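**Student:** Model the full structure from these sequences, guided by the hints.
Each chain, letter by letter, is given below.
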Amino acid sequence: MLTRINVGPIHPSTHGVLRLVVTLDGDTIVDVEPHVGFLHRGVEKLAENRMYMQSESYMEKIDYAAPMAYSDLYVAAVEEAMGIHPKERAKYVRLILLEFQRIASHLLWLGTFCNDLGQMFTMFMWTMKDRDLVLNLLQDVTGSRMFYVNMRLGGVSIDLPPNFEEHANKLLDYLEKRFKDYEAFLEKNPVFIERTKGVGVLKREDAIALGVTGPVLRASGVNFDVRRDYAYYAYEKLHFIPQVQTRGDSFARYKVRMQEMKESIKLIRDALKLMPEGDALGMPIKLISPPVKESEVIVRRELPRGEGMIFMVTDKQRPYRLAIRAPAFINLSALRYIAKGARYADLFSILGSLDLVMADVDR
Amino acid sequence: MSDERFENAKREMEQLVVDSLKNYKAPVGAFFTNLKEATKAIASGTIRWSRKNSLWPMQFGLACCAMELMDFGSSRIDAERKGYLLFRGTPRQCDVMIVAGWVTKAAAPEIKRLYEQMTKPRYVIAYGECAVSGGPWWESYNIIKGIDQIIPVDIYVAGCPPKPENLFEALMKLQEKVGGKIED
Amino acid sequence: MKIKKEELIEKLRELSSNGYNYLVKITAVDYIDHLEVIYFIRNMQNKKEENVRLDLKNGESLPTVIEIYKSADYYERELSEMFGIAIEGREVKRLLLEKWDGLEAPLRKSFQWGSDYKSG
Numbered sequence: 109m110l111t112r113i114n115v116g117p118i119h120p121s122t123h124g125v126l127r128l129v130v131t132l133d134g135d136t137i138v139d140v141e142p143h144v145g146f147l148h149r150g151v152e153k154l155a156e157n158r159m160y161m162q163s164e165s166y167m168e169k170i171d172y173a174a175p176m177a178y179s180d181l182y183v184a185a186v187e188e189a190m191g192i193h194p195k196e197r198a199k200y201v202r203l204i205l206l207e208f209q210r211i212a213s214h215l216l217w218l219g220t221f222c223n224d225l226g227q228m229f230t231m232f233m234w235t236m237k238d239r240d241l242v243l244n245l246l247q248d249v250t251g252s253r254m255f256y257v258n259m260r261l262g263g264v265s266i267d268l269p270p271n272f273e274e275h276a277n278k279l280l281d282y283l284e285k286r287f288k289d290y291e292a293f294l295e296k297n298p299v300f301i302e303r304t305k306g307v308g309v310l311k312r313e314d315a316i317a318l319g320v321t322g323p324v325l326r327a328s329g330v331n332f333d334v335r336r337d338y339a340y341y342a343y344e345k346l347h348f349i350p351q352v353q354t355r356g357d358s359f360a361r362y363k364v365r366m367q368e369m370k371e372s373i374k375l376i377r378d379a380l381k382l383m384p385e386g387d388a389l390g391m392p393i394k395l396i397s398p399p400v401k402e403s404e405v406i407v408r409r410e411l412p413r414g415e416g417m418i419f420m421v422t423d424k425q426r427p428y429r430l431a432i433r434a435p436a437f438i439n440l441s442a443l444r445y446i447a448k449g450a451r452y453a454d455l456f457s458i459l460g461s462l463d464l465v466m467a468d469v470d471r
Numbered sequence: 271m272s273d274e275r276f277e278n279a280k281r282e283m284e285q286l287v288v289d290s291l292k293n294y295k296a297p298v299g300a301f302f303t304n305l306k307e308a309t310k311a312i313a314s315g316t317i318r319w320s321r322k323n324s325l326w327p328m329q330f331g332l333a334c335c336a337m338e339l340m341d342f343g344s345s346r347i348d349a350e351r352k353g354y355l356l357f358r359g360t361p362r363q364c365d366v367m368i369v370a371g372w373v374t375k376a377a378a379p380e381i382k383r384l385y386e387q388m389t390k391p392r393y394v395i396a397y398g399e400c401a402v403s404g405g406p407w408w409e410s411y412n413i414i415k416g417i418d419q420i421i422p423v424d425i426y427v428a429g430c431p432p433k434p435e436n437l438f439e440a441l442m443k444l445q446e447k448v449g450g451k452i453e454d
Numbered sequence: 122m123k124i125k126k127e128e129l130i131e132k133l134r135e136l137s138s139n140g141y142n143y144l145v146k147i148t149a150v151d152y153i154d155h156l157e158v159i160y161f162i163r164n165m166q167n168k169k170e171e172n173v174r175l176d177l178k179n180g181e182s183l184p185t186v187i188e189i190y191k192s193a194d195y196y197e198r199e200l201s202e203m204f205g206i207a208i209e210g211r212e213v214k215r216l217l218l219e220k221w222d223g224l225e226a227p228l229r230k231s232f233q234w235g236s237d238y239k240s241g
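Residue numbers (this note's numbering), protein chains in the order written: chain R, 109 to 471; chain C, 271 to 454; chain P, 122 to 241.
A couple of the hints might just be wrong.
Said to hold, decoys possible - List of simulated lysine to aspartate or glutamate pairs, DMTMM-like, C-alpha gap at most 20 Å: (1) C:Lys-447 with C:Glu-409; (2) R:Lys-288 with R:Glu-344; (3) P:Lys-214 with R:Glu-141; (4) P:Lys-168 with R:Asp-314; (5) C:Lys-322 with C:Glu-350; (6) R:Lys-363 with R:Asp-248; (7) R:Lys-345 with R:Asp-289; (8) P:Lys-169 with R:Glu-344; (9) C:Lys-433 with R:Asp-314; (10) P:Lys-191 with R:Asp-314; (11) C:Lys-433 with R:Asp-248.
Hints listed in this document are in silico derivations from the structure and should not be mistaken for laboratory results. These figures come from a predicted structure and were not determined experimentally.
**Tutor:** Laid out in structure tokens, this is it:
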């Protein structure tokens with residue numbers, strides 16, 4: 109006999125507003141059907157009515173756990189449409205700020221993932237404190253804690269302050285010690301291992317056929333990362349290695365993100381050493397922007413949740429069509445295939461390990 | 271509509287009791303009426319003091335402002351030191367609803383149902399510009415322009431997103447309102 | 122590459138047997154008298170990407186590609202409700218605008234802003 113349970117829109121464990129209708133046979137899941145659209149506000153339509161640089165603050169509010177990554181994606185698309193190249197020092201500055209943003213986003217994911225598994229609030233308090241320290245550093249550079257709007261055409265709006273390097277190195281030393289604490293806390297814990305090893309296995313061929321991206325794809329054994337394959341800014345000079353695991357379960361997805369945070373620390377240290385002197389400021393925002401040269405633009409970036417892409421058809425002063433490929437949208441569609449045959453209590457372990465932000469799904 | 275009728279009825283009953291006690295001509299009648307009014311004052315003051323220092327919020331982060339709400343509850347700006355304990359999952363045990371994030375036409379009936387499920391006395395804080403007036407999405411086709419078109423709001427906090435210290439000050443103002451210092 | 126609507130399924134089958142097995146996105150652009158639908162497909166071995174474009178007149182329907190790429194489900198549902206394109210071959214339900222019966226095809230240029238805006 110099949111029963112249906114409604115995991116309603118307002119729920120402590122769905123990150124945002126997501127409604128799942130779960131069909132159960134005893135304790136085994138037969139089908140999961142997500143209902144989305146509770147946060148849809150039509151960003152693609154709104155951007156057609158604004159000038160180019162006015163939509164930058166809209167793009168930040170799509171993924172609010174890592175806002176600078178989306179704003180960088182959009183400004184890079186506009187720069188390519190106008191034929192402007194970012195300055196040399198600006199490439200390194202953008203890379204450093206983006207990698208800090210990636211650490212902050214993964215720390216937030218770790219805290220809420222452990223909340224979902226029932227480990228109430230210890231990991232959450234630790235990771236939110238560390239995330240606060242990273243956000244304080246970003247506030248010193250850009251002036252705001254959460255919505256920065258600091259990317260400009262050709263560079264950034266404010267250059268790094270003079271004592272940034274020693275503050276950043278101190279923070280990175282502290283974070284390395286804390287990551288050792290996190291691993292010692294979680295990886296020998298029998299409850300964590302029971303709840304994540306062997307749960308929600310996604311094989312390699314299924315991962316490619318379902319179109320998932322980001323850490324979910326790399327945890328299933330596919331060696332693909334936009335930072336190496338379609339390289340941008342200064343990643344070729346910095347010896348970047350994508351982190352890949354082969355198991356495909358929730359533990360592998362946790363391990364990929366943990367390793368990515370450590371890789372980000374290495375990248376920031378190398379970039380601080382190799383950064384050239386000079387000027388990193390971009391053009392200030394004016395009412396009439398420079399003339400547009402290309403009619404169609406495609407740009408890809410590696411966001412903390414996966415691979416994001418913008419396809420833009422340009423008009424004279426505003427975009428004619430802005431198509432955004434959001435990574436969480438397609439990761440959510442794979443939930444149905446992963447959760448088939450699992451127990452009901454494993455549903456939140458799988459849902460948490462996919463790292464969804466519902467405003468990214470709905471746009 | 272029915273609340274006003276109950277309040278009228280309550281007032282009439284109280285008036286009846288006080289009137290009947292006034293007509294009671296006993297030698298210690300005055301002492302008893304004064305004692306009754308004294309206990310009423312002390313009791314209501316105690317009730318107000320205990321209510322304002324233990325407001326329990328409902329976990330209601332919809333969008334970006336939920337990130338700041340999580341920061342508000344964690345160790346740097348501690349919300350627990352003002353009695354603002356334990357974000358609860360169910361509306362039956364809560365006093366305050368903090369609406370953080372934009373509200374779309376698909377989510378609006380759920381929010382109204384949750385507000386009606388909270389037990390009285392209940393308060394609402396509109397946190398962030400999207401809940402105050404629609405925010406940056408005021409031109410969109412799917413957004414309700416301000417949460418006070420569906421439910422009554424007590425305190426508005428402006429900002430995008432407001433810093434958690436702003437929410438702390440809003441909380442202290444709400445405590446003054448619950449304690450009776452600010453008139454409704 | 123630009124193809125006609127009738128050649129779509131065989132072209133995608135040929136590409137997916139040549140190693141182009143990862144569908145990145147299906148999107149559409151509204152030029153007012155016709156629509157242009159674009160499929161972005163990627164080869165995971167040598168990391169090359171291909172876009173397949175086709176033109177649709179207003180009111181035509183699009184064949185479904187779900188047997189070739191399993192990830193086309195959500196993309197086709199979003200496309201059909203945002204642009205008003207009918208998908209032939211399977212039944213598509215609304216994804217992002219589920220309870221919103223009065224709204225038809227918001228991403229088309231003919232959808233007026235002021236039709237839903239109330240002041241005050």
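**Student:** Give a verdict on every hint.
**Tutor:** Now the hints, each set against the structure:
1. C:Lys-447 with C:Glu-409: Since the Cα atoms of Lys-447 (chain C) and Glu-409 (chain C) sit roughly 34 Å apart, the hinted pair is violated (cutoff 20 Å).
2. R:Lys-288 with R:Glu-344: Given pair Lys-288 (chain R), Glu-344 (chain R) is violated - Cα atoms ~28 Å apart, limit 20 Å.
3. P:Lys-214 with R:Glu-141: 12 Å, holds
4. P:Lys-168 with R:Asp-314: Holds, because 18 Å separates the two Cα atoms, which is no more than 20 Å.
5. C:Lys-322 with C:Glu-350: 13 Å, holds
6. R:Lys-363 with R:Asp-248: 31 Å, violated
7. R:Lys-345 with R:Asp-289: Violated, at roughly 31 Å.
8. P:Lys-169 with R:Glu-344: Holds: Lys-169 (chain P) and Glu-344 (chain R) sit about 18 Å apart, inside 20 Å.
9. C:Lys-433 with R:Asp-314: 43 Å, violated
10. P:Lys-191 with R:Asp-314: 9 Å, holds
11. C:Lys-433 with R:Asp-248: 15 Å, holds
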